[in-house]
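As given, the protein sequences belong to chains P and H, one line each in that order.
To convert, note that position 351 of the first sequence is 549 in our numbering; the numbers rise steadily by one, no gaps.
To convert, note that position 457 of the second sequence is 767 in our numbering; the numbers rise steadily by one, no gaps.
It is worth saying that the hints were derived from the structure and are not from the lab.
Please read all numbers here as calculations on a predicted model, not as lab measurements.
For glycine and all other residues, C-beta sits at the position ideal for the given N, C-alpha and C.
One or more hints might be untrue.
[To be verified] Residues from chain P that face chain H, not an exhaustive set, calculated with beta carbons under 7 Å: (1) Asp325; (2) Phe392; (3) Glu452.
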Amino acid sequence: MIPHDETMMLKTPFYSRCLAACEINMWDDWKGYTTPQAYTSVEQEYFAVRSNTGVFDISPMIKYRFTGPDAGAYLNRLLTRDIRKVGIGRVAYTVWCDDKGQVMDDGTIFHLAENDYRLCAYARCLDWLMWSAEGFDVTIADETAEVAALAVQGPTSCAIFKNMGFEGIENLKPFGLTRFPFEGSEVMISRTGFTGDLGYEIWIDPSLAETFWDRLFEAGKHRDIRPIGSYALDMLRTEAGFIQAGVDFIPSEEAVRTGRSRSPFELGLGWLVSFDKPVFNGRKALLKEKKEGSRYAFVYLDVEGNKPAEHAFIYDGNKEVGTVTTAAWCPTAKTNVAFAQVDAKYGKPGQELVTEIYYERELKWTRVMAKCTVIEGAVFNPPRKRQTPAADF
Amino acid sequence: MKKYDAIIIGAGHNGLTNAAYLAKAGLDVLVLEKNSYIGGATVSRELYPNWKYSNCSYVCSLLRPEIIRDLELPRHGLQVVPYGGGVTFKENGDYYGNHADHERLLREVARHSKRDASAYERYETDVMKQTRLIRPFLMRTPPDPTSLKPRDLRELSVLAKSFGSMGEEGLADTMRFWTMSIGDFLDEYFESDVIKAHLAGSGIIGTALGVYSPGTAYVLLHHYMGDVDGSVGAWGFARGGMGAVSAALSASFQSFGGTIQCDAEVAQIIVKKGKAKGVALANGDELYADIVVSNLDPKRTFLKIMDEGDLPADVVKKAKNFKIRGSSGKLNIALDGLPTFTGLPKDSPLCLGEKHFSDSLPKMERAYDEWKDGTWSKDPYVDMLIPTQIDPTMAPPGKHMMSVFVQYAPPKIHGGDWTAEDKAGFEKTVIDQISNYSPDFKDLILHCETRTPQDIENEVGLTEGNIFMGELTFDQLLFNRPFPGYAQYRGPVQGMYMCSSGTHPGGGVMAAPGANAAREILMDLKLTNTVPGGYDDD
């Protein structure tokens, strides 16, 4: 019998530090964990990541560990990407589909060691992981609570880590992972993130979480390091062109209504699908879709004017052709961007469409029909994101 | 002698709803009730001084929001307060807490099985798919699949379109869902016994079937397809007890000029030349109307208060074969204080919801075996609530009222009537079961009303004490409820109608059968429809 825990909300291993820093008392419920929406000012937190370093507690992220002789083969069956191409010490962004080729979730797969992987996901999916594991010699464990994690993102993040004594961190390539000794144990650092900037994610035993936070902030105190909340992160990921499960698509197992889930192609993620693998979940359906065409296209839009096109309908002339899933003014790119799902034939870059935007000023609502253009990808994509060795920007 | 436009037999919630819509259309309507109080099985009764018992139905979710709003039930005093939580106690001292907060719930599921926490979301999605399919048909008359009338064809096409929108796989899932057992259904999602046991209760409540009997998955749906303020599957308490529902319906009916007569048991529906002409009361009085609506169950309607000679033999046969088996009893208990439950903090929000003491499906199946043997379950499935934690009007401050629904109890004990000894044994079984998990419970009991299925039949009039007025199995649903050819609320005799839970969409305090029947009657009378259409979920 596992003992009862009568608390309503869980606390992350960094909670004491988040609480101390959260001056404006705005909190979220992220998968049952108390996490900050903002600490002091959303704007300052956003700019911390674009100009200095921002720290976001990602501990509540769902994490699964796969070990055993068939771990790689199993993941190759589960995920759409070809995992054979993800070497030890490498990380890959991926999606996984049900047998109808509909996206169940997106996440990152970490190749930790021989026959040893970690998957970070938005949604719980152990049940599907277990069904897919029938016939494979693989052990699957939910280690969400066993691993504390922070995203440390921004142009000065590498320099701060060097200050902490992580020698050679600048040589870590994007989507690489490495380990450093820390307080008699170790910290794993991957060059990954959700902000589109130079940045890292650190993975550590929960017992060392507070110490790590303190050392990190000590090392960054002259570089204006600050914790950031989910509101700032949302602006950052929008500018960086990252889609969000539950916002830009509905995980297929949560979709009640027929036709509301999406395939990787319909999310602009066709590049994650490796048909040269003979077997993977959803392959047959995806192959059929590739041949016969998709229902929807996922597009990035550059929207005229400065009013975010939140929840807007999209038109081609008088015809409604789609809806916006995410929209924001991007403060660094100085662009008004929107992500949208449109009928498949409207996805071509350069195409001009119209968004119907409603906005309010002092209780007066105004409707604008703003022109928008389909663009190739993220509006913020700086060289420093990729540059290796990473400089002290 | 005065002639009414319509006489409704039985002042239960469906009778009152039907009457209200007919009266709203301008008809002169009389509702007759055999008891000295209205409500049927939707009552609040003071059986112990200063305590109100919802001594039949005890929680509210299915009551259609369209009707609540349209008949202005809130203005007539109805308040439905949602509750959350729920606990299934395990024999080993642990429990499963069915938290109202979604993330907290999943954390608790994960405590029993991490895999089940992830399967729970799939389960919720799949059940929601089925509720979405059925909900739009609650406020519609079932189409006759053998008819070529434009309206039937139109309604059939609505049905077909709904099924079509489920997709190929969805259609297959639906056919499976409507015919499979709740046990088999849950086994496809969960590995934890206690989680399955907690969820399976909704598949057997009021039903003379076991958790592994085909058809019980649908019964679960019947408990999920209601809503409180749009929250599908949520349940609430009617403030003041379930009698508040019938009181508000009756006030609404009376605001349209309707009349209710209590202590007026109908002995016979008067039929002359194939037409309903009125009713004869048990005291010999006769009352006349060209429209007679029975809110009694199909067996009681056709075999007790109608002359078989007035009916087609086919209807008599179908009424005799109608499945309406008694399977549940009830204890209503006045408590001197709030009982404590082993391992559960007294202020836990879980306490506000239902408590169960069956921690595995095999245990629940064995409880059903005893029913088949003709006796009450010795380790029954119990659905227990203490509404006074939320509703201050049902007991004095600091005191509590406990409602204990008990599955299974047969209508007869080994073929014979319940004796006082049997009833005492049944009561002891239930009280002992609860005491096993609540050491101070017995000492807090001030009064206990124990109701066997036989008591429920004798007092309320539900044949065999079946709470749904007929099993909710696929053979008796939709255009087969109560029987094929009679699912559109019209009886076999001109001017005679049915509006009880024995008609579509079935039992529970839903009021949809009453409203749907009113729409058909008004259509036959070529009067303007007063019954609202259903809300759309999408």
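Structure-based check of each hint:
1. Asp325: Holds: closest Cβ of chain H sits about 4 Å from Asp325/P, inside 7 Å.
2. Phe392: 21 Å, violated
3. Glu452: 6 Å, holds
Of the numbered hints listed earlier, the single one contradicted by the structure is hint 2.
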